Amino acid sequence: MTRKRGRGVAAVNYPTGMNLGGDPTQALVHSTPTGNFMVTVSSVDLGQGMKQILRQICAETLGVPSERVVVDTADSDTGPHCMGTFASRGTHRAGNAVIAAAREARGVMLEVAAEMLEVSTDDLETDGAGNIHVVGAPAKAVSVTDTALAAHFQKGRSISGRGMFLVPRSYPSPVDGAMKPATCYAHACTVAEVEVDVETGEVDVISLKNVYEIGRALNPRMVEQQLVGGAWMGISHAIYETTEPYYPQRDHRGVDFNEYLMPGPGNLPRTEVVVLERPAPDGPYGGKGPGEMCANAPIPAIANAIFDAVGVRIDTMPFTPEKILRALRGLEA
Amino acid sequence: MAKIPLHFILNGEERAEFVDSGATLLRLLRDKTGDLTAKSGCLQGTCGTCTVLVDGAPRLSCITLAEDCDGADVETVAGLAAHGQLHPLQHAVMEHFAAQCGFCTPGMLMAAKALFLTNPRPSREDVVEALSGNICRCTGYEPIIQAVLSAAQVMSASGPGAA
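As you go down the protein sequences, you meet chains A and B in turn.
Here the first sequence stands for residues 73 to 405, numbered as in the working numbering.
Here the second sequence stands for residues 18 to 180, numbered as in the working numbering.
To be clear, the hints were calculated from the coordinates, so they are not data collected in a lab.
As the structure is a prediction and not an experimental result, all values here were calculated from the model.
It is possible that part of the hints are untrue.
[Stated by the list, open to error] Here are some chain A residues the structure puts well away from chain B; computed CB gaps all over 12 Å:
no.	residue
1	G80
2	N91
3	G119
4	A209
5	A303
[As the list claims (entries may be wrong)] Selected chain A positions facing chain B (in silico; Cβ < 10 Å):
no.	residue
6	G121
7	S242
8	P244
9	V247
10	A289
11	R293
[Said to hold, decoys possible] Now the in silico label distances, taken between C-beta atoms and shown as ranges:
no.	chain 1	residue 1	chain 2	residue 2	range
12	A	D194	B	C118	22 to 32 Å
13	A	G179	B	D48	21 to 31 Å
14	B	A174	A	N108	35 to 45 Å
15	A	P137	B	A98	21 to 31 Å
16	B	E30	A	D354	15 to 25 Å
17	B	E146	A	D199	48 to 58 Å
18	A	T315	B	C118	14 to 24 Å
19	B	E146	A	G383	29 to 39 Å
Where is the CB? At the ideal position from N, CA and C, for every residue including glycine.
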């Protein structure tokens with residue numbers, strides 16, 4: 073048995089969101105009578121943490137504790153419009169929409185508080201703990217709860233806001249085809265080390281070193297969670313997963329988890345994840361989309377490592393033993 | 018076809034149900050008892066998300082016949098938290114961010130609990146082996162392995178019988 077070791081590197085630029093006919097997401101924010109806040113969006117939390125991130129973004133913009141914010145990811149039939157949770161766009165698009173909605177709601181909240189305190193809204197600030205007070209005079213204050221109660225029962229006002237974020241459609245230039253498909257990009261770079269068995273064609277990923285540039289990490293633990301899982305998924309795409317192993321012949325396609333392979337907990341390489349933060353100018357508090365690009369860089373890095381190890385270029389995923397053995401045979405011929 | 022009477026324990030409570038011959042333990046739990054914590058994943062015993070304990074051993078409820086569980090002691094994630102207190106495994110999953118979509122989590126927790134019953138101080142290799150029948154799509158497994166190791170430490174520090 074001959075196992076050969078190789079190392080490969082790859083880097084990707086990954087657009088946050090997409091650009092078809094324009095890319096909008098909308099959000100609504102309103103207060104309850106007791107000064108809790110509801111964010112309504114149609115964006116979906118599928119485990120990546122959208123609810124928590126939108127809650128943080130809304131609380132930060134309103135100037136209230138995040139425990140005071142509830143996020144309802146509603147229903148696309150009835151909620152504010154969202155294009156969907158895909159293209160790593162959730163935090164960026166929905167986050168910006170929530171900022172806009174929360175700003176408008178904050179404006180109303182401060183107007184009501186200004187009337188109660190008989191001061192100008194310009195002189196008010198929030199303490200982030202549930203109170204609104206006069207700048208430089210923390211004793212001249214009113215709680216968010218009392219402000220909301222007054223808005224509902226005395227002023228007849230709704231502490232609420234509408235938020236819209238739209239990346240407009242970009243048309244290609246008729247002269248040279250240039251266009252602006254995205255407004256911000258996340259970046260990833262992976263160094264992969266592999267061992268290739270030249271008798272069986274099997275690839276083992278020995279280590280992955282990943283550096284991810286994701287704008288600002290709005291919730292660092294959740295960012296790390298996504299990146300660790302995503303790096304693993306890159307390995308899974310690179311050497312395991314396919315629905316169409318003999319495309320275009322479909323006779324032997326995998327129909328279940330016996331045939332659609334995914335690595336288990338015993339197939340983990342040494343994985344390192346380093347986060348670089350370069351806040352995006354148009355991102356919500358600088359955030360970009362870390363969701364998908366973390367799985368992308370490991371794939372070409374592993375392909376390059378295979379080339380480094382045994383001198384064959386495999387250009388279709390996954391890099392199965394069969395493809396590697398065929399390519400090795402091609403080298404001999 | 019005649020229904021089959023079953024008498025069993027579910028998370029410490031006596032239950033009696035009638036099932037069709039050939040019905041799985043997963044269907045018994047989800048359809049008859051209303052315990053939805055065992056998830057319906059691949060239905061062929063390859064993904065592990067339906068894992069429950071039967072008499073203390075991990076079983077894939079999607080390929081376990083309900084009628085074989087007459088008289089058995091069945092445990093699911095619904096029984097993990099006792100008296101309003103989360104189980105150390107549940108705490109560890111939160112602390113280590115070991116769940117994203119959460120669909121594999123019930124099976125992972127029960128596979129880990131089964132491990133603790135036979136091996137209260139598992140090594141990393143023991144944990145990997147115990148979880149090897151469970152597929153996770155989101156986490157890359159490492160946070161789950163770390164959570165199980167950390168729960169084992171907490172539980173062995175709080176004395177025998179904590180599982």
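Quiz prompt | Which numbered hints fail | solution = Of the numbered hints, 3, 5, 7, 8, 9, 10, 12, 13 and 16 do not hold.
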